[in-house]
Amino acid sequence: MSVALAARLIDVLGGLLLFTMLLILAAGQVFRAIYAVAAQAVFLGIAGAVLAAATGNVDLWIIAFITIVAKAIVLPWLLIRVVRRVQISREIEPVIPVHLTLTLAAGIVVLAFHLNASLGPVRQTVTGNALPVGVTLILIGVLVMASRRKALVQMVGLFASENGIFFTAMAISQGMPLIIEIGVILDVVLGALVMGILVLRVRSSVDTDIADLESLKG
Amino acid sequence: METTPAPVVRTIAQAALLVLAAPLVTGYVQKLKARLQCRAGASVWQPYRDLSKLLRKGTVQSDTATPFFRAIPVLVLAATATATAMLPVLWAPAGATVPLGDAILLVGLLALARFLLAVGALDAGGAFGGMGASREMTVGLLVEPALMLTVFSVAVSAGTTDVNLLAARRAPLLLSWTAPDLLALFGMLILALAETGRIPVDNPDTHLELTMLHEGMLLEHSGPGLACIALATHVKQLVTLTLVAALFLPVGLARDASPPAIALALAAFAAKVLALATFLGLVESSYAKLRFFRVPQFLGLGLVCAFLALALRVL
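Chains B and D, in that order, give the protein sequences.
In this text, residue positions in the first sequence follow the numbering used here: the first is 1119, and each later residue adds one.
In this text, residue positions in the second sequence follow the numbering used here: the first is 10, and each later residue adds one.
Just to be clear, a hint being listed does not mean it is correct.
To give an idea of the interface, some chain B residues facing chain D are shown, with a C-beta separation under 10 Å as derived from the structure [claimed, not checked]:
id	residue
1	ALA1124
2	PHE1137
3	PHE1149
4	VAL1201
5	ARG1202
6	GLN1205
7	VAL1216
8	THR1221
Calculated directly from the structure, the hints in this document are not laboratory data.
No residue lacks a Cβ here, since even glycine has one placed at the ideal position from N, Cα and C.
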């Protein structure tokens, strides 16, 4: 696969990643947000595979495969299981209205792409829009974490943010070494497990909301 | 070049095709929905029968309506039918086009039709009409700017706002889709659902509920007037679908007037409209209608997609 074709494919996949990110933001129900983040992980895995084919880096094939298995299948399955188990209402409870978050997201995208112009000297393996898309995903993921009340949706934001970090790493450095990538993915899986168990335990023992924990502050 | 039919003939033929085929698209969507609900459903020709029935009926008019009310259906149909003349259906002109107008006028004509309908609904003095008009204009407020942004995003890449030239210039670039194209397409598909009055935003099947948007404005119309507005609604739907096809899938457009080329163009057009109409029907069958105050959130997604499509193109 030629480098030019790979750059174009990564560009298109970047557009799809952005769109799934907007879907996560606009989702009115927890399940939709989870499906959107799963789709995002699939596109991310495909992007990794494209880069692997273009650069001939064998590690990237393995990372792409692990990404799809762990982030697109295992983690969403885990989240859906937790949602079913705790039987919370399926509505997303935003701290600020969803359309305001969408406006903020549009601003973030414009800022990230504007910033890209000043990042010109940064050496990129994939020229084009991969770097600003990655930065955008990280920032909007943080926005999701900050603007949603439900712990599960905050986890979705964390995964999206992690996807952004992964995409940025691929854009700048042809992917990090295999051992680091595996470590990061294991970290995320472990974090999801801990958070899932925590949500279940908190729910079953005190029947409370994450926002109620605010009142514990001294 | 000599074999290309005159631009005027071309434009009239395409506009006539769009107007005549428009009820068939509605019929197809209704048939698809019926089949998905395990019903036999009415024939795909049913909208034509409804139109011919309405044309034979008399007209009843509200006492409070002014004489202008009578002109509303004709004006709505005229504005919508004029919009069809700006779209490439079968031919992508290599050279001259009829200087009728561009995508901006097209969106403007659709907005004019929307405005006239709302004025007519208010004129008749019914409570449903006023409410439907208010809601329809709220949706229009969100849809029209987003539609313009999408069109601009594509126009920037092609360097023209004339939809005919735009389709002709983008036809060879089909496989070089970039991120802004994708975002614009997704935004456009969301907007198309609203613009065709389909389910997440409006329910085209309901007539006696407080949820209706478009149908609420039609309640006071009857007979041939209602037929005109119903036809205008069908045409508007096909115009929206054709606009999506022209902006994002300008393949298979004929370069000359030879019968094989025209047959191929006709088949390509039918396939594109069929695919988009199937999308409408599937979405309508698998989603519930949104509460009205949720609609801005849904359309906000389309608006942000359209804005980003333009922003990414420019940045």
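Against the structure, the hints come out as follows:
no.: 1; hint: ALA1124; in the structure: violated, 14 Å
no.: 2; hint: PHE1137; in the structure: holds, 5 Å
no.: 3; hint: PHE1149; in the structure: violated, 14 Å
no.: 4; hint: VAL1201; in the structure: violated, 20 Å
no.: 5; hint: ARG1202; in the structure: violated, 21 Å
no.: 6; hint: GLN1205; in the structure: violated, 21 Å
no.: 7; hint: VAL1216; in the structure: holds, 5 Å
no.: 8; hint: THR1221; in the structure: holds, 7 Å
Of the hints listed earlier, those the structure fails to meet are numbers 1, 3, 4, 5, 6, in rising order.
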